[in-house]
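Colleague: Chain by chain, the residues:
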Amino acid sequence: MTSMERDRMIDTAVGLCEKYRNEPALLLEILHDLQETVGYIPEETQPAIAKCLNLAKAEVHGVVSFYHDFRSAPDSNITVKVCRAEACQSMGANRLLEDILARNGLPKTGTSDKGVTIEEVYCLGNCALAPSAMIGERLMGRVTADRLQSAIEGVGA
Amino acid sequence: MTLTVYIPDDAAALSVGADDVVAALQTAAVSKNIDLTVIRNGSRGMLWAEPLVEQVTDKGRMAFGPVSPEDADALLDAMVNDSDHPLSLGPTDEIPYFKDQERLTFARVGLIDPLNLGDFEANGGLAGLKAALALDPADICGIVTESGLRGRGGAGFPAGIKWKTVHDQDVDQKYICCNADEGDSGTFADRMLMEGDPFSLIEGMIIAGLATKATQGIVYIRSEYPHAIAKMQRAIDVMEEAGWLGDNINGSGKAFSLKLRKGAGAYICGEESSMLNSIEGKRGTVRSKPPIPAIQGLFGKPTIVNNVLTLATAPIILARGADFYKNYGMGRSTGTQAFQLAGNIKRGGLVEKAFGVTIRELIEGYGEGTASGRPFRTAQLGGPLGAYVSDDMLDLPMDYETLAQNKAMLGHGGITVFDETVDMAEMARFAFEFCQIESCGKCTPCRIGAVRGRETVEKVLRGEDVARNIALIEDLCEVMTDGSLCAMGGLTPMPVLSALRLFPQDFDRAPALAAE
Chain W
1 MTSMERDRMI DTAVGLCEKY RNEPALLLEI LHDLQETVGY IPEETQPAIA KCLNLAKAEV
61 HGVVSFYHDF RSAPDSNITV KVCRAEACQS MGANRLLEDI LARNGLPKTG TSDKGVTIEE
121 VYCLGNCALA PSAMIGERLM GRVTADRLQS AIEGVGA
Chain Y
1 MTLTVYIPDD AAALSVGADD VVAALQTAAV SKNIDLTVIR NGSRGMLWAE PLVEQVTDKG
61 RMAFGPVSPE DADALLDAMV NDSDHPLSLG PTDEIPYFKD QERLTFARVG LIDPLNLGDF
121 EANGGLAGLK AALALDPADI CGIVTESGLR GRGGAGFPAG IKWKTVHDQD VDQKYICCNA
181 DEGDSGTFAD RMLMEGDPFS LIEGMIIAGL ATKATQGIVY IRSEYPHAIA KMQRAIDVME
241 EAGWLGDNIN GSGKAFSLKL RKGAGAYICG EESSMLNSIE GKRGTVRSKP PIPAIQGLFG
301 KPTIVNNVLT LATAPIILAR GADFYKNYGM GRSTGTQAFQ LAGNIKRGGL VEKAFGVTIR
361 ELIEGYGEGT ASGRPFRTAQ LGGPLGAYVS DDMLDLPMDY ETLAQNKAML GHGGITVFDE
421 TVDMAEMARF AFEFCQIESC GKCTPCRIGA VRGRETVEKV LRGEDVARNI ALIEDLCEVM
481 TDGSLCAMGG LTPMPVLSAL RLFPQDFDRA PALAAE
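Taken in order, these protein sequences are the chains called W and Y. Using my numbering, the first residue of the first sequence is number 1, and each one after it goes up by one. Using my numbering, the first residue of the second sequence is number 1, and each one after it goes up by one.
So that you can see chain Y by itself, here it is in the shape it has in the complex (with noise of 0.2 Å):
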């Protein structure tokens, strides 16, 4: 008897215990003689499922889920005599978490051997570098901007005019910096990918070469993430051997080589700039701009920053048309998003769909709400520097326009839950302690603010004057907003100011007694 099943190696699977049930299963298979055959595949981003268990049969990929070592002789002898098994999920494709998501950007992520090339270019992959070869880079830089792609890393900048800023660049150094320092509280959905399908990337870094003629390509990855760190280093060296990587990319003359740095953990290095300073081996503190990184960015050279997503996304917009991805999405906000289902929640993980989709499907919908089973209080959009929001926001749909007229951010697609025993002032109070340990230091605004913002809340949470310490957290607070160097301290009012307009009555402290 033979038998094939994908467990995943994702951080997050592994996290839940995915080794051992590997290692139950092939104990229970050799006691059964059974012929067992592990893949090992990235995660299909139904986290509360994990570890999954996904058996390879004639009808297509079974799934089980979440399978604890001490389900695996039963589950073996279910698998086999294809009988009921109460783990038994179904055909993957038709569970209904997954089946209704628009999977572009995440489309191989889960079903394949993340370090298989074969398994790659089977499923779509390497066809939008294929492409690329055959175009001028001003035409990939035009496709791209075509397809309204925007950053994916938070700010939404449109992707294709930021690559032809680096391709009107006329000198010859360039460089393409693929920002993987995903520190933001809620998202993962950087590091699914790198684990689950890092060649995407890979692909997506040597296509911006092409359209901005960089040769060098630098993936700066954040030292939190072993486990993509490993992988992206190994799917580096794949596509080096491959000859994707190299002087001479697949035969065609052109050039790119890529590298991997790692960050030593500083949340500000997510910000492009500190990221760039980071690279060159400095203190990971903010530039001020202008000069955009466009123009001068690594070594002072024009340079591409992007995130993850935004050049894992490059690839299918090469390889099927910018129309075919702007059919996707609402507005200006084209194409897909990777939403990420995080916190109190149920059903947690990682649910792509166009833009569009409403907060209320995402939380109610794909994560049946919270995981407490107490009532839902509030959830926290797009990291840590995101508003928080309230029950009657919830029917908005996600789209960086309609999100921002209502005050609050889509950020990274991270959608952090809260239950009803979340104290607001408290999250307040962390928000300023979190950009105090954060902050780079550079600007007054940031450095100094974040301090005094956490000292007047905690005046508040003590009852002391707390009107006028409210107001003056809101003065603070604007004084960052306008006069800050980046968006550390330019968006740390923002969950503050959320939570002190949304729920006011968790700041009406009462003084506290005297103790004797």
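If we strip away everything but chain W, and leave its shape as in the complex, we get (with noise of 0.2 Å):
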């Protein structure tokens, strides 16, 4: 990373904290309207945060490696969450999961040379229509390996 880019990442950051007031109660916002625009949670960007909100450094790097959501690293192009949770595992969802990893060429979750990131999730509130996915904030039902990866395909990668 330049320290233009750098900079321009603080900058964004700043930016959103004024946005929510530099209000501690709304750290949650603030990284996800950052992951939104950056793509993810630059490491650089967590003591400008830290600093505006008033918090410690590590009450902020807290929060970011708490949740599963915020990531450390940038993005890719295309997220993939497979349902692993029970009702989804009853219809087939680790071996669907063992199936789109294999297409994508991934030995475990991940992110593929083409920018595929596969992860698992429990639970995409869609259990009656088992198994689930999602791409991107697109949830697919009684998914199959072969229409995961067509879906996939048609995003771009």
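Worth double-checking, as some hints may not be accurate.
With a straight-line Cα cutoff of 20 Å, these simulated EDC-like cross-link-like pairs (lysine to aspartate or glutamate) come out [stated by the list, open to error]: (1) Y:262 to W:23; (2) Y:99 to Y:364; (3) Y:282 to W:18; (4) Y:301 to W:23; (5) Y:282 to W:69; (6) W:19 to Y:73; (7) Y:262 to W:18; (8) Y:262 to W:99; (9) Y:262 to W:98; (10) Y:282 to W:59; (11) Y:262 to W:33; (12) Y:262 to W:36; (13) W:51 to Y:73; (14) Y:164 to Y:146; (15) W:57 to Y:280; (16) Y:259 to W:29; (17) Y:262 to W:137; (18) Y:213 to Y:240; (19) Y:164 to Y:139; (20) Y:442 to W:59; (21) Y:282 to W:33; (22) Y:282 to W:43; (23) Y:32 to Y:73; (24) Y:282 to W:23; (25) W:108 to Y:73; (26) Y:259 to W:23; (27) W:19 to W:29; (28) Y:259 to W:33; (29) Y:259 to W:18; (30) Y:282 to W:29.
Here are some chain W residues pointing at chain Y (derived, C-beta under 8 Å) [to be verified]: (31) 27; (32) 91; (33) 135; (34) 139.
Please keep in mind that the hints were generated in silico from the structure rather than gathered at the bench. Just so it is clear, CB atoms sit at the ideal spot from N, CA and C, and this is done for glycine as well.
Each chain sits in its own coordinate frame; assemble them with the hints.
Modeller: This is the structure in structure tokens:
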């Protein structure tokens, strides 16, 4: 990262803190927005956020690392969440996850060379239409590895 | 020719192509010169029939489902000519799955356009709030207590008593927090309600505010529910514009404002004190109790933390009276419960019935057995921390006390069905694994117990010293039950021990043979 990029990210983070009136209770909203803008929560922005909200750096880091949603590395183009909770397992979710990882050349959950990130989640609230997966914000029910893979390719992988 | 149809934009319906069906019907309508109006409603809860298309006719709403885009042409012909169609399910209200339900909380879900305030009011909405505006706060608490309404989030604590506790606190600032962090597998009722009838939740929260003199409300919704978040935010905006939220509720001089907060993917934030920490912008770790949130909750102030369905049920109690509600149910489980049929089930969906319906009626009657067609093996009741049940428990009635007496729990009303292919030792391993991933880490029994538990079940799976390791698991479960700060560690033993007790044969592993 160049120092210019770094400064720009810090400016973005500080701007978001201001948008939320530097309110420490709104740290999650700030982080959500930052991740949406930059694609992840750059480590370099954390001290700046801490300063704006009058929090310890450790507190900001603690929040970033506690929640599954927040990433500390750049996002890929496509994020696929495969549900592995009980209802989906009863309809073959584990097999689905294995298949979709294999088709994207991944030995375990993570990001492929083509920029497809595959994550496991525990419940997407579509338990009557299991198994379920989500691409971006698109929820898919009664999903098969074939349908999921073509949906992944459909969004440009 | 004009035609009006309802097609849900509920996330579950969308997940099986509801938007594609809308597009196909619109294209077909243009080519047939039909003036087609599509109203996007919530789901009726017959998720096996989604996308469900309902045609508005003189004889009521006629249902068709599950509809795929390829059906559009023939479906429109059938609708226009009032002729037979293979996907016809007849009048919606007469579909057996739907007909005998007792819909109080979900009365409007799937019926109305969720963001049409006029529709809402015409179908009984706002009646409870109007009644509450004319009552003293203490009387509202009294009615809710009298109704016997218990928290629908899982623990089943009497809502009226919680409300009265907050009411009795003599401080200026109080809060109403709606826990919409519905992370339990097998449950989706909160999501369905927020997407299908968001005004009813807002109405319930305003009533809770009036009952306790709390003027600020927060809905905490999990980030996995983008559709519910969008729908709730729009509903809040509509209610604000209409003057039902804000400084002067419908000209009454009473104030209540509502904000939406989004989670960030942490199951533990469904636990009330973790959720409060999360709303305060902190890590979602559990707080030890006491003090209870009703005395020191959000920002240290008295706070009602209720589940979506608890709050959304308050309006009908205020509108129809405590006795009306109390007449449903059995024993101390009064009213109705939104049972959610999920997993390996032929007809999954939402069934709202009075407490007392049996597990068998739900799984075999409504659900028609497994989706795979293989024999039923078990069902997990009440989410990932709930017990598994065996065949011979199916005639138990669903109520809090009966299930507790049988070492099971109702939880949030979710029922996840498994067929004979399930490996219960693997499910026990998964229960610990889930706890390991989602533990907030604050207390040792949960944080360490989950890891050791998973490791020990893995030893059993490999056939290592089986009897001794099972005894160790049981001992560990006792420590977790007795020593954990909250239900995450405290209830993880429930699925594990029920699997061990009811399906011991699955744990009877022989040692693996040496590879060479």
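Colleague: Each hint: holds or not?
Modeller: Verification of the hints:
no. : hint           : in the structure
1   : Y:262 to W:23  : holds (16 Å)
2   : Y:99 to Y:364  : holds (16 Å)
3   : Y:282 to W:18  : holds (18 Å)
4   : Y:301 to W:23  : holds (18 Å)
5   : Y:282 to W:69  : holds (14 Å)
6   : W:19 to Y:73   : violated (50 Å)
7   : Y:262 to W:18  : holds (19 Å)
8   : Y:262 to W:99  : violated (32 Å)
9   : Y:262 to W:98  : violated (30 Å)
10  : Y:282 to W:59  : holds (8 Å)
11  : Y:262 to W:33  : holds (11 Å)
12  : Y:262 to W:36  : holds (14 Å)
13  : W:51 to Y:73   : violated (61 Å)
14  : Y:164 to Y:146 : holds (12 Å)
15  : W:57 to Y:280  : holds (17 Å)
16  : Y:259 to W:29  : holds (12 Å)
17  : Y:262 to W:137 : holds (15 Å)
18  : Y:213 to Y:240 : holds (19 Å)
19  : Y:164 to Y:139 : holds (10 Å)
20  : Y:442 to W:59  : holds (15 Å)
21  : Y:282 to W:33  : holds (16 Å)
22  : Y:282 to W:43  : holds (18 Å)
23  : Y:32 to Y:73   : holds (9 Å)
24  : Y:282 to W:23  : holds (12 Å)
25  : W:108 to Y:73  : violated (44 Å)
26  : Y:259 to W:23  : holds (15 Å)
27  : W:19 to W:29   : holds (10 Å)
28  : Y:259 to W:33  : holds (17 Å)
29  : Y:259 to W:18  : holds (19 Å)
30  : Y:282 to W:29  : holds (11 Å)
31  : 27             : holds (4 Å)
32  : 91             : holds (6 Å)
33  : 135            : violated (11 Å)
34  : 139            : holds (4 Å)
Checked against the numbered hints listed earlier, the structure breaks hints 6, 8, 9, 13, 25, 33; every other hint is satisfied.
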